[in-house]
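Work out the full structure, taking the sequences as your base and the hints as a guide.
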Amino acid sequence: MFPIELEDYLKNNPKSFQIKYPDMFDPKWTITESGWPWFHLSAIDDQPWKEMYAEAEALIDKFHSHREDSYGKGWKSLTLHGLNEDTQSLEQYGEDRNATLEQLDWTWVADECPVTKKFLTDVWPAEYLNRVRFMLLEPGGYILPHQDRPSDQKRLSVCNISLNMPEGCEMVMDGFGCVPFKDEGSAFLMDISNKHAVINRSDKPRIHMIIHYEIGRRLRDFFYVLRSSYYTNRN
Amino acid sequence: MRDHNSITEGERYFDIKDIDVPVGVGMLDISRDIPNHFVRKRCFDMTYWMLNQSVKQDQCEYRGFSHKVSSLLQASLDAGDKVCIIAAQGLMAPKLYKIIRKTVTYYKHNPNFFVMGHIMARKDRYPGLHRQMLIVNLETWQRLGSPEFLEQGFFWDRKQTYPNFELSEETLSAEYTPAWIKGDTGTQQWSVVEDGSNWIALACEHGIKVDNFDNEMRECKAFLYPYEDPDKLERAWKNLQDEELLDSIGNYTQRAWLRKLAYQEHIEKDRVYAYNTERLSGEGVRASAPVDSIFSAAAGFKTMMLLKNNGFHENTIVNYYDWCDSSLKFKQHLLETWDGVDFHKWLLEHDLEYNFSSTYRGNYEEFWKQEIQKEFGSEQEFKELWDRYSKLKHNFFVIDLVNEPEKLFYEINNQSGNIVLWTTNIWPTMMLHWNVDIDEIEQKYLNFEKLVPSDLVLYGQDYLANDLEARIRKGTVETHPKFVTKWKNL
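Taken in sequence, the protein lines are chains A and U.
Going by the working numbering, the first residue of the first sequence is number 141, and it counts up by one from there.
Going by the working numbering, the first residue of the second sequence is number 2, and it counts up by one from there.
Treat the hints with care, since some could be wrong.
To be verified - Some, not all, of what chain A presents toward chain U, calculated at C-beta under 7 Å:
| no. | residue |
| --- | --- |
| 1 | 241 |
| 2 | 318 |
| 3 | 357 |
Stated by the list, open to error - For each label pair, taking beta carbons as the anchor points, the in silico distance ranges come out as:
| no. | chain 1 | residue 1 | chain 2 | residue 2 | range |
| --- | --- | --- | --- | --- | --- |
| 4 | U | 165 | A | 234 | 43 to 53 Å |
| 5 | U | 270 | A | 372 | 40 to 50 Å |
| 6 | A | 314 | U | 183 | 49 to 59 Å |
| 7 | A | 314 | U | 157 | 22 to 32 Å |
| 8 | U | 157 | A | 163 | 45 to 55 Å |
| 9 | A | 322 | U | 157 | 29 to 39 Å |
| 10 | A | 350 | U | 143 | 36 to 46 Å |
| 11 | A | 155 | U | 165 | 52 to 62 Å |
| 12 | U | 436 | A | 155 | 46 to 56 Å |
| 13 | A | 166 | U | 236 | 13 to 23 Å |
Since the hints were derived computationally from the structure, they do not count as laboratory data.
These numbers were taken from a predicted model, which means no experiment stands behind them.
Built from N, CA and C at the ideal position, the CB exists for glycine as well.
This is the structure:
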């Protein structure tokens with residue numbers, strides 16, 4: 141049984157938003173002005189997502205409960221890159237953000253997940269990683285509608301990668317509907333200033349990876365992935 | 002507007018002895034930023050064409066193609082170079098030899114310099130160097146730890162702390178391009194840094210002044226900015242005579258280069274080369290007996306010099322071929338009306354009848370004196386040679402060597418005795434390589450080469466500016482580097 145609040149929210153957002161791609165690719169417009177709720181990074185569709193899923197699944201008993209006391213049920217996380225294996229939002233670790241950033245490093249989880257780590261070091265187009273986590277939603281689990289950023293800060297930013305997306309799982313954005321994650325693996329930039337919720341009606345654990353990052357000097361690499369994806373998505 | 006196929010004193014009589022410092026040239030792969038397969042490849046091919054011209058004149062050595070500046074510099078260092086010039090894919094530098102000469106002079110006067118480049122010092126950004134061209138002192142680069150040339154960066158959290166700097170008051174092409182930059186006391190944090198900002202920071206930390214390219218060097222090259230509207234660039238590349246299309250190109254440098262080439266292509270249709278673009282005697286004697294027949298491009302007086310050097314007799318046949326009818330008419334006209342004295346006066350008299358190269362138009366006398374002094378010795382010697390030569394039988398054939406070599410070899414095989422062929426620089430000309438993909442040019446060239454009879458005496462160049470005789474008779478075969486990039490997608 142899921143909360144009525146969640147069921148109503150899902151009923152009110154039945155359709156999936158269809159992105160209309162302008163002829164000319166403009167990275168700045170795409171990221172900051174398009175108003176798109178998500179963007180499929182199809183250029184990296186060929187990554188070994190299933191191997192990464194297997195690495196995460198092997199550590200399933202190591203995950204930590206995540207926001208069970210507020211808006212999540214059956215929601216768990218395991219940090220690959222951060223302060224420790226259970227790293228929360230960096231703002232929670234004091235006002236000196238730079239001091240927190242300097243402490244970020246690979247956790248033991250990354251050592252156990254070499255394929256995932258290789259993707260993050262060799263493929264992911266950003267100079268710096270902030271917090272990177274596996275996010276698990278157990279069968280019957282859910283995340284109630286919430287926003288991670290104020291509505292006036294609209295932009296595509298954090299990357300959410302489905303290492304699997306069993307049938308019966310949905311991530312729904314208010315006003316835009318279901319995010320078209322693929323069960324075989326897919327990476328999306330998300331605008332988390334939109335209210336969103338997740339539900340797992342399947343009998344399998346749903347595992348995603350969320351990457352917080354700073355592009356730094358890899359701007360052209362990032363734009364290349366964005367542009368390649370843009371043309372692929374458009375066609 | 003200059004014509005890049007024309008001669009100048011600096012090109013034809015360029016003294017290689019000026020370049021006595023080992024120089025490497027490498028090409029920076031920027032394909033990632035060019036969302037167009039045609040433009041990526043053709044920019045690679047054309048930039049290589051530019052570099053290869055200097056390589057074949059022994060001014061420098063090619064050190065490869067890479068997306069990492071440090072890889073190119075290391076390859077250059079390992080090969081023993083002192084200086085390495087990095088040219089980004091899309092750099093057009095038909096006068097690279099001038100850049101190399103100035104680089105060598107600069108190195109001698111500034112033996113501890115680190116890098117010379119286009120300094121970019123925009124407001125609110127830590128300065129850097131435009132990646133289109135970098136000239137690097139390899140010893141200094143190594144002494145500074147062989148640093149990678151880092152790309153532009155944007156930082157939210159991890160702002161970069163870099164040394165303060167001082168900019169020259171003098172600027173070059175824009176207010177953000179100072180003549181030099183050097184270190185100052187203290188440091189500051191920056192949210193936005195330019196390409197190569199880490200090199201500027203290193204130079205500032207170590208008390209090394211970085212100089213910008215002066216105007217003379219800037220005039221020797223043009224960067225195509227191939228990532229700016231590359232689909233339109235492709236259309237313009239293929240349709241140089243579409244003025245409306247060229248006018249609609251937004252990037253100034255791209256537009257200026259294309260217009261230059263459009264003009265070049267336009268004038269080439271009936272271009273006449275009264276003087277050669279190369280030295281007349283450089284290759285020496287190659288025939289084992291006096292020449293019975295020569296097949297020659299209809300340019301300048303090189304045909305006469307080839308005959309003089311190899312020897313000829315009163316029954317020697319001169320066969321001029323050219324794709325351009327105007328050149329043949331000019332030759333015929335000259336033979337019929339000129340007495341071998343004061344060529345400049347003949348040119349002046351017929352100036353409006355032919356489309357002579359702009360380089361010497363208006364300077365006919367100066368170039369004639371140069372021709373006499375540096376090539377023929379004296380007016381008397383030239384006159385005696387002309388009198389013998391002009392009495393020979395002359396044939397004229399309109400033949401496009403690149404596209405219909407069979408026609409040329411049909412005529413060659415119809416003649417007998419000791420036969421010489423001179424193809425000048427038809428195969429490696431810039432406009433051919435601009436208009437036709439090099440893979441196709443290679444196939445056309447190989448088709449030509451297959452038709453060459455075993456006893457034909459050869460002068461001229463292959464499609465990579467190698468000496469024809471060395472390639473065909475001595476087996477020094479070379480193919481062009483193939484465009485391969487790690488970035489497959491657009």
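Where does the structure disagree with the numbered hints, that is, which hint numbers, in rising order? 2, 4, 8
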